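Q: Here are the chains, one letter per residue:
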Amino acid sequence: MMQFEHIVNTVTAITQEVCQTMLGMEVEVGTAYVDRNPPGPSHGIISLIGLAGAWMGTGSLCCSEEAACRLSSRFLMADFAEVNEDVLDAMAELTNMIIGNFKTAAEEHLGPLGLSIPTVIYGMSFFARSAGKEEWLIVPFGFEGHTLDVRLCLTPNRGLSHLVAPAQAQAAR
Amino acid sequence: MPLDVLIVDDSAAIRKVVQRMLNQAQVPLGKVLEAGDGVEALAALRQHPVHLVLTDINMPNMDGLQLLGQIRGCADWAKIPVIMITTEGGEAKVMEAVQRGANGYVRKPFTADQIKEKLDGLF
Numbered sequence: 000m001m002q003f004e005h006i007v008n009t010v011t012a013i014t015q016e017v018c019q020t021m022l023g024m025e026v027e028v029g030t031a032y033v034d035r036n037p038p039g040p041s042h043g044i045i046s047l048i049g050l051a052g053a054w055m056g057t058g059s060l061c062c063s064e065e066a067a068c069r070l071s072s073r074f075l076m077a078d079f080a081e082v083n084e085d086v087l088d089a090m091a092e093l094t095n096m097i098i099g100n101f102k103t104a105a106e107e108h109l110g111p112l113g114l115s116i117p118t119v120i121y122g123m124s125f126f127a128r129s130a131g132k133e134e135w136l137i138v139p140f141g142f143e144g145h146t147l148d149v150r151l152c153l154t155p156n157r158g159l160s161h162l163v164a165p166a167q168a169q170a171a172r
Numbered sequence: 000m001p002l003d004v005l006i007v008d009d010s011a012a013i014r015k016v017v018q019r020m021l022n023q024a025q026v027p028l029g030k031v032l033e034a035g036d037g038v039e040a041l042a043a044l045r046q047h048p049v050h051l052v053l054t055d056i057n058m059p060n061m062d063g064l065q066l067l068g069q070i071r072g073c074a075d076w077a078k079i080p081v082i083m084i085t086t087e088g089g090e091a092k093v094m095e096a097v098q099r100g101a102n103g104y105v106r107k108p109f110t111a112d113q114i115k116e117k118l119d120g121l122f
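If you read the sequences in order, they're chains S and H. Residue numbers 0 to 172, in numbering that gives the first Met the number 0, belong to the letters of the first sequence in order. Residue numbers 0 to 122, in numbering that gives the first Met the number 0, belong to the letters of the second sequence in order.
By construction, these hints were calculated from the structure, which means they are not laboratory data. Treat the numbers as computed from the prediction; the structure is a model and nothing was measured. Mixed in with the good hints there might be a few duds.
[Claimed, not checked] Chain S side only, calculated, beta carbon under 7 Å to chain H, not exhaustive:
no., residue
1, Val-17
2, Thr-20
3, Glu-92
4, Met-96
5, Glu-106
6, His-108
Here a beta-carbon is modelled for each residue, glycine too, at the ideal position from N, C-alpha and C.
Starting from the given sequences, assemble the full structure and let the hints guide the process.
A: This is how it looks when you write it as structure tokens:
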């Protein structure tokens with residue numbers, strides 16, 4: 000089990016590290032909050048990556064088209080004024096790095112987790128929602144006048160209750 | 000001597016970033032080949048053997064650990080240095096890669112200096 004504050008701190012540290020190392024920029028950390036099945040933006044970019052194991056869920060990055068272009072420009076050291084395949088690919092990779100590193104950190108508490116290949120959605124008018132009623136943790140980050148939301152939804156996988164996380168196994172000994 | 004390098008990652012973005020970082024690290028590059036997964040990587044190696052392979056782990060069709068096994072299992076390629084560059088930073092994955100014969104392991108996010116540090120011990 001991971002506590003709210005621990006998850007927020009982990010997501011914050013990883014996102015800051017990815018932005019510093021790969022994008023050469025600092026991000027401002029906003030106030031994290033919990034929402035039930037947030038709709039996501041009605042336009043812009045959503046990238047999604049699945050987590051599965053004893054716990055399962057989804058990690059997501061959400062931002063505007065302009066923010067995605069800015070992040071991708073920094074990542075690939077090229078100027079992007081509009082969303083194209085390079086921007087979508089860069090957003091997928093940033094999602095993979097942030098959620099992938101969160102996965103590695105979370106495995107200490109939640110047991111082994113698998114990571115899906117990221118999916119990136121871009122559009123001018125859409126509505127996104129997940130089928131469940133689970134809570135999402137949202138950590139907003141600010142940079143250069145833009146916002147990047149890192150979103151996480153994790154829930155115990157009842158079908159795999161025989162899998163025991165390392166921390167739980169240690170407590171049981 | 001310029002190094003012919005094979006960069007394997009399902010993300011074209013990360014392949015560009017790795018090549019840029021090799022340049023930043025002042026690695027003398029010869030021919031740079033790219034592949035989107037292990038299957039493409041093996042096809043590229045058959046066409047053009049290289050001095051170095053940099054590969055991700057999580058990829059469709061054939062992942063980086065399977066690719067590593069194929070390289071180590073082929074007499075012509077067995078001695079090619081293979082560096083894993085991946086978000087899979089867990090101790091178990093690192094151990095598995097080392098046991099299968101990886102020469103180095105770089106966790107994403109990474110810097111040019113980190114790649115150079117791994118290569119300095121190999122060339």
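Q: With reference to the structure, classify each hint as holding or not holding.
A: Okay, the hints, checked on the actual structure:
{"no.": "1", "hint": "Val-17", "in the structure": "5 Å, holds"}
{"no.": "2", "hint": "Thr-20", "in the structure": "4 Å, holds"}
{"no.": "3", "hint": "Glu-92", "in the structure": "4 Å, holds"}
{"no.": "4", "hint": "Met-96", "in the structure": "5 Å, holds"}
{"no.": "5", "hint": "Glu-106", "in the structure": "6 Å, holds"}
{"no.": "6", "hint": "His-108", "in the structure": "13 Å, violated"}
Checked against the numbered hints given earlier, the structure breaks only hint 6 and satisfies all the rest.
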